[in-house]
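Chemist: As a plain string of letters, each chain reads:
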Amino acid sequence: MDLSLFPNAIAMTIDEFKAWSHEVVDELGRSSGIKRLVDKATAPIWSWAQRNSLHPLHFGIACCALEMAAASAPRFDAERVGVVYRSSPRQTDVLLVNGWVTKKLRPALRRLYEEIPDPKWVVAMGECAISGGPWYDSYNVVQGVDTFIPVDIYIPGCPSRPEAMIDGFLKLQEKIKVEQQGTFLDD
Amino acid sequence: MAKMWINMGPQHPMTHGLWNLRIEVDGETVTNSEPVIGYLHRGWEKMVEDRTYPQIIPMADRLCYGSSYTWSHVYCLAVEDLMELEVPERAKYIRVIADELQRIASHLMWLAAIGPDLGNLTIFLYAMRERELFMDLFQSLCGARMTYNYTRIGGVRNDTTPEWERDLVRTLDFFEKRMVEYEDLVDRNVVFRMRMEGLAPLSAADAINLGVTGPSLRGSGVDFDVRQDDPYEVYENLDWHPCVQPDCDVYARYRVRMDEMRMSVQIIRDALKKMPKGPVRVKPPRYAPEGTGMARMEDPRGESLMYVIGDGTEKPFRLKVRSPFFVTLSAAPVMVNGCKVADVPSIMGMIDVCMGETDR
Amino acid sequence: MTEVTYLTDAFTIDQVKEKITSEFSSDEVKILDKNKPRRIYCTADKDSILKLCTFLKDALNFEHCSCVSGVDRIDCFQVVYHITSYANRITIEIVVDLPHDNPEVDSITPLWGGANWHEREAYDMFGIIFKNHPKLARILLDEDVQFFPMRKDFKSGGL
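Chains A, B and C are the protein sequences, given in the same order.
Numbered per this note's numbering, the first sequence spans residues -4 to 182.
Numbered per this note's numbering, the second sequence spans residues 541 to 900.
Numbered per this note's numbering, the third sequence spans residues 147 to 305.
In case anyone wonders, no lab produced these hints; they're calculated from the structure.
Quick partial rundown of chain A residues pointing at chain B, CB under 7 Å, derived from the structure:
1) 100
2) 133
3) 154
The beta-carbon is built from N, C-alpha and C at its ideal position, and this holds for glycine as well.
Just chain A, same shape as in the assembly (with noise of 0.2 Å):
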């Protein structure tokens, strides 16, 4: 615990004081493993309830696109897992990457990655999004998309059917369940 500050506490700013007494308390409840107990027994609700309401970007690229909306057409429903579109990346919490990523679009999606709020998850779909695919050669794609923001989930398939995409997003759900993130989650 740093108490460096501590005898001249009455004289801080009240910024200097919001910022002082937070990194006590945390400080405190990391020590005395109060927030490492509130994280145990929250997480199994929180996986839960994060698991069950994957939203992602509704964010078309290319082909994989047309497949993300057949997904959630009347005979595949992607609804039944949870998979509901908002155009908003602060709503979200899954950035699906469906195309092949040019030069003029990175700095675009590695935006759109840091407006969505933790926490988050992307799902890299199709060759073009995963390695380049049928572009390897080219001169202005991204020769995948892990070269710039990190991916939990790769999908293959040229264009992935929309049986693979809901695939996917299951074992999107398996990699939540495991992870169990609580209540605090930058520990």
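Given chain A, work out where chains B and C should sit, using these hints.
Modeler: Leaving out everything else, chains B and C in the frame of chain A:
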């Protein structure tokens, strides 16, 4: 009130692809606009210079994922023009049938895409449900749902089976009944029509000068269809006519596409009747001669054209793609300027966006 | 109902060829001996392309510019125009040679608005300059890109 520029895109529910419409707004009115494209540019034309002629067919499929068959078809037509190959009669009929099936599937995708734009989610569900039937037909014909790799230089890959033809006829009968349902849902809906009628007028003179082709041009009352005016394959022998609407507005473009789906059903039925028996493929030469080849056809979005230059090797020297939506999008400022911001999705959705072919 | 007036007088291929040869000398425009239905193939001099296009549009009812493509022939650049007539149902293919060190040609955007983005793309990919173009800027690549990718001396990246 000060004017300001807004970016609609690249991530925007209106875009249906990856592009950016920069608009200048004065309150609610759009006063100026500029489309920004290139987010999907992958250097297609450069890459195909390193591929042999048959290797390009699956790449041409991925030019436009909404209507991939028509793009591999126009590529094969251009190379056949270069090599001066004559395709067997039965292959021509199969190509026409696949072409029209692809047109229906593409128009259904368009209908599904504009539905949520105009506040009608049900039409999305209906259209996607019927699109699956056509995907199934393609899947049993050539094994893939979207990127078919079916047409070959000098014919098609495999012949149809009697079971497939039976399924095709059944699907068409079923689909015609469902068309009535769509029209009940859209044409009789006052809200839907209010958002389309009289919107974004594009006069015939403007449309021709700006190079707009396809349903957008026919929605402006110009009777031009490549299938009729520069016929390829066997369209001369079939019983059909282009669908033209004179009103020049968004509703006319909508009507043209709906009529085209019916017309495609009629073309397929007629082609099935007239289809002869015989081989479906001839063997093409490996090396193309020196010279140029050009082919154009009626894509679901307009006139697509490929221009190929051969230099005596097994790879093309240059392959140029004329994308219909590339040109139609350059006319977007003429349609968008002067309307309200809320009308932009219905105008841009109605010209059927496909960015893969546009950026290439 | 929009009146479509230009469909009244249509020319056949022979009439079009004859009118072009009577209007232009053989140095300016040369019609190639290649016969296919509904197609005319010709080459033109780079100074007379604007004159030829104006003649095609005003006198011969060619109202639709299908395509403008650039080609790098290593020793020279080429610009290939495909221009269609709805009335005559003919497509004419015009090939224009440009020197490799100074690729400049007159823009046809004032005639057909549809040529606008095609010419921008040819500039973007080959660096061919179209004089009098309203906005000759990069369209598919970023503004700050320094190379012209479709030139034959540019090697594509990758493996």
